[in-house]
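Can you make the complete structure from the sequences, with help from the hints?
Chain by chain, the residues:
There are 4 protein chains.
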Amino acid sequence: MASPTSSMAGAPSGLTRREEAKERRRLELIEATVRSIAKRGFSDTTLADVADIAGLSRGIVNFYFKSKDALFAETLRFLADEYRQAWRKSLAKAGEDPARRLRAMLMVNFEPRIFSRKKIAVWYAFWGEAKSRPAYLAVCEEKDREYREALDACVAAVVDAGKYTLDAMAISRTFDAVTDGFWLDRLTDPHCPPVEEFAAATDLMLSTYFPRHFPRSGA
Amino acid sequence: MASPTSSMAGAPSGLTRREEAKERRRLELIEATVRSIAKRGFSDTTLADVADIAGLSRGIVNFYFKSKDALFAETLRFLADEYRQAWRKSLAKAGEDPARRLRAMLMVNFEPRIFSRKKIAVWYAFWGEAKSRPAYLAVCEEKDREYREALDACVAAVVDAGKYTLDAMAISRTFDAVTDGFWLDRLTDPHCPPVEEFAAATDLMLSTYFPRHFPRSGA
Amino acid sequence: MASPTSSMAGAPSGLTRREEAKERRRLELIEATVRSIAKRGFSDTTLADVADIAGLSRGIVNFYFKSKDALFAETLRFLADEYRQAWRKSLAKAGEDPARRLRAMLMVNFEPRIFSRKKIAVWYAFWGEAKSRPAYLAVCEEKDREYREALDACVAAVVDAGKYTLDAMAISRTFDAVTDGFWLDRLTDPHCPPVEEFAAATDLMLSTYFPRHFPRSGA
Amino acid sequence: MASPTSSMAGAPSGLTRREEAKERRRLELIEATVRSIAKRGFSDTTLADVADIAGLSRGIVNFYFKSKDALFAETLRFLADEYRQAWRKSLAKAGEDPARRLRAMLMVNFEPRIFSRKKIAVWYAFWGEAKSRPAYLAVCEEKDREYREALDACVAAVVDAGKYTLDAMAISRTFDAVTDGFWLDRLTDPHCPPVEEFAAATDLMLSTYFPRHFPRSGA
DNA sequence: GATGAATGAGCCTTCATTCAT
DNA sequence: GATGAATGAAGGCTCATTCAT
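Chains as they are written, first to last, in this note's numbering: chain A, 892 to 1110; chain B, 892 to 1110; chain C, 892 to 1110; chain D, 892 to 1110.
There's no promise every hint is true.
If several chains are the same, the list does not tell them apart, and a pair holds so long as it fits within one copy or across any two.
With a straight-line Cα cutoff of 27 Å, these simulated DSSO-like cross-link-like pairs (lysine-lysine) come out [claimed, not checked]:
id: 1; residue 1: Lys-980; residue 2: Lys-957
id: 2; residue 1: Lys-1034; residue 2: Lys-957
id: 3; residue 1: Lys-984; residue 2: Lys-957
id: 4; residue 1: Lys-1054; residue 2: Lys-984
id: 5; residue 1: Lys-1034; residue 2: Lys-959
id: 6; residue 1: Lys-959; residue 2: Lys-930
id: 7; residue 1: Lys-1054; residue 2: Lys-1010
These aren't lab readings, by the way, just hints derived from the structure by calculation.
Here is the structure:
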């Protein structure tokens, strides 16, 4: 899970320590929620499960969250934030080279913290419910939109730089779809190969679409 | 929904008419289940909803299905059957040409009966729950496996025929992932483009991986 | 409790019998609610209590009433209806004589079905909660208003007939208050005298205010 | 609310200041309880509400009172004490004249501190619950009994003094009932007239029962 | 075959009470 | 003294399932 943003190192003790403890508890409960959804599924996750996994008492969730639905919404938002931070960081590390930036945007989806069966299970659980719950849908859409916009820009940059005569938008949509599909493999395929194969398939795809920017590793 | 495949055309009369009526009712209830899951989501679908949508009485589902879970499992199987029939038929129509067969396997995912928001919602609802329900998982896996095996064969045939020096398995995996990802777009993207764009992106992908077998339409 | 208004004597059997049974159950539950409130008070009455008293299962109330609050509201309305019917009937029986009509309006409050400790307890329970529950308040107000209007008319008729130089409205308000106060005695006074004394005090009050119309019994 | 009767004016300092502070807090909480019951009703009043209204922390009530029930019981006792003090003081001011004393006993019920909608709401809230809670019932009964005994004496004194041939007890009961009924009007009647009309109706009642001791104001 | 009344298990939520700080 | 985090019991409500009609 993301580091709990250690709030204000040198803050005055009294209140802050309590607030820190409270924030830590909230994260514990969100973490327990992720675990429970991954284990029992969305509709079989009860607040009692969450409390048990967190090792706390039954009434605890309604003390920290307004309702079960609020807990779920915040759990989803936590995952969305984590995802956004991951690709932003990855992008920053890639520097200015268009090809490296594009690859960074795709490969982030295979980082251990992201490409975890547990978390993917939660994502799919929410996608399954999102259609009927506007609050979830909004978070999912926002996460997708932001990522897609950044991905669009990266693809366009490579297309421009390489003077490829290709529809950048169509390619961006395709790349985005591939990563979502790989997540689904990871979730449902019992013979799912190790992460390296997904990365290799992604590299193959890049070198197929943009051979001058991504020379074939084997060649 | 798929036509109710009037079970057993030339069966002995007496009982059969009853059995046919029974089968029709079952399909009505499965249809209602699809509608309800698409509308309210998996965890908010009650048997009362299903009965209401089907215009039948409350206790009816437990009369035709052993339990709620059995109804859901059969609904899932219905969708899986429909999907399998669709790609088999599409493959049959494509004849013997490897390129046409491969394209047929991909394009079936955009047929109206398959690429329907309602049904995709149900697929994702089940994927979201599958991890914790072996019965669902088994059906999903079987559907995926059969399709993947057929797709693998098609990709391999094209690779062979074209003497491409490419990893056929990786490509098949990638193609499969793309279609799943496009389904997710269809489900969650509010600005989702018309189906033609997905087909076009697929054609672009084919012509990029296998330029000699799928010449660029614009060229 | 009021007779269950045997719905439509010669109605076609089928549905009506079910509806009758349903109506009977509703009345049983309202009756049980009255008993429970009288026994344990308003805030200690649970749906489990009501179900137990009715000798039915725990989930029954939410099958017949939308919510606990709805059950309480309908219980209150039942009492209000019963009260209205009682004084209207009493008034009808009194004929045209103003004095008899006025006495009828007051004495109805001491009829066994009305002056029952159980029911008075329920009235006071609702009055105690009414201020914060508009739905209850509305019913209480309506019941009071209707009765008061009828009582006002009766007092005014006697004042007119007797050419008393008295403020009819003030007297009506006073008479109404006395009966409410007697109800409270009945509820809270452990040494509460038998109902005849309340009736006697009421007769004394009538003969004091309107000596020519209500000659002293003892004189 | 009644002034907090600064307990023990000339008590030894040390501990006493603490005790005074403690007593003040208790009164603040009782005051907050009255407000909350008047606002939300008996069954919707939580200790959190009381603490919020008092502007104190959540756990405070169980610090000053043994339990929620104890807080309620002491609140009720506070009101009962206030009421007793009011009529005793009123009686003392009335001197020796029987008629003045009787009128004082009745009119005290319309003093602003007593005839307050907020406090009447609380009285009725407790009456509504009293039947099932012996602790409340005891306080209510005691308050009623004391008042009634004093009222009985006053009525008897006037009857004696005036040689009226009337049943003093019946009249006393009637008078007591009227004031309770007027309280209920005050609580529930949305078109409730100003307090003067209640006082006027009471005066009319007195002059009707005891014309020689309470000559008609208009005459 | 079909209905819908009835059941009861299970869940979310509230809240009085306790207790470490 | 005072706070508010934490607990756990209990109640309202939903809903899958059963069964008499």
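Okay, the hints, checked on the actual structure:
1. When the C-alpha separation of Lys-980 and Lys-957 is checked against a cutoff of 27 Å, the pair qualifies neither within a copy, at 32 Å, nor between copies, at 51 Å.
2. In this homomeric assembly, Lys-1034 and Lys-957 come within 27 Å of each other (Cα to Cα) only inside a single copy, at 23 Å, whereas the closest approach across copies is 40 Å.
3. Proximity of Lys-984 and Lys-957 under a CA criterion of 27 Å is satisfied in neither setting, with 38 Å inside one chain copy and 56 Å between copies.
4. Proximity of Lys-1054 and Lys-984 under a CA criterion of 27 Å is satisfied intra-copy only: 25 Å inside one chain copy versus 39 Å between copies.
5. Taking CA atoms no more than 27 Å apart as the test, Lys-1034 paired with Lys-959 passes inside one copy only; the shortest distance there is 22 Å, against 34 Å between copies.
6. Taking the shortest alpha-carbon separations for Lys-959 and Lys-930, both the intra-copy value of 17 Å and the inter-copy value of 21 Å come in at or below 27 Å.
7. In the homo-oligomer, the alpha carbons of Lys-1054 and Lys-1010 never lie at most 27 Å apart, since the shortest distance is 38 Å inside one protomer and 40 Å across protomers.
Consistency with the previously given hints fails for numbers 1, 3, 7, ordered from lowest to highest.
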